[in-house]
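Q: Take a look at the letters that make up each chain.
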Amino acid sequence: GDSVTQMEGPVTLSEEAFLTINCTYTATGYPSLFWYVQYPGEGLQLLLKATKADDKGSNKGFEATYRKETTSFHLEKGSVQVSDSAVYFCALSERGAGGTSYGKLTFGQGTILTVHP
Amino acid sequence: DTAVSQTPKYLVTQMGNDKSIKCEQNLGHDTMYWYKQDSKKFLKIMFSYNNKELIINETVPNRFSPKSPDKAHLNLHINSLELGDSAVYFCASSHARASGGGETQYFGPGTRLLVL
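Protein sequence lines, in the order shown, are assigned to chains V and A.
So for the first sequence, the numbering used here puts the first residue at 1; every next one is plus one.
So for the second sequence, the numbering used here puts the first residue at 1; every next one is plus one.
These aren't lab readings, by the way, just hints derived from the structure by calculation.
The C-beta atom is built at its ideal place from N, Cα and C for all residues, glycine as well.
A portion of the hints provided could be inaccurate.
Stated by the list, open to error - Listed next, the stretches of chain A that the computed footprint assigns to chain V, with coverage defined by at least 3 CB atoms under 8 Å from CB atoms of chain V: (1) 39-49; (2) 107-116.
As the list claims (entries may be wrong) - Here's a subset of chain V near chain A, in silico, CB distances under 8 Å, partners left out: (3) Glu42; (4) Gly43; (5) Gln45; (6) Lys49; (7) Phe89; (8) Ser93; (9) Phe107; (10) Gly110.
Just chain V, with the same shape it has in the complex:
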């Protein structure tokens, strides 16, 4: 079955440091890939997504590129802020060839990011 593996956390950085959170996936079809973020006490919200190989998703200074050859979707940000402290989830949604996918998300285990001033 489908699976997503994220780097172990927690990750602690100083403000303005470079961030990378690794994500690799296993899927049988043609997945779409997502990064969701969960701020303390809140639900998840979409950070960025990519729907096909070599697509780059970007939002709020975060970027991730869909790499089919390495089955990866690593999240990066050049300069983190205290307000980026949250839990980050990599996820995939399988898209069957010619069929309807109802968007079931398979999540990685989440990476807790803490940014200090």
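Let chain V serve as the given structure and place chain A on it in line with the hints.
A: Here is chain A on its own, set in the frame of chain V:
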């Protein structure tokens, strides 16, 4: 004008009780989901409904029974609550499209269930 709302936000109850969680979305989506987040933050899908029809049921104990009275609502009823049911339950919604994939899911704020 909340997009996906859940009630209650917190639920503390005794083992063996029956409880319900409600979810409503005003985004005009046709697909709704329930996810369970455990104490280690791991998220797993439980159910999905499309146009009031159950389409995903991920080996959840039959003590959990979802109900969708219309496209905008998806409720979760839990019978005979157990300690292991303590978790945060998230509702989400999205469009579903032929050829699928890529649709953004919008999540509610979560219901924090504690079974004592």
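Q: Broken hints, numbered, in rising order?
A: none
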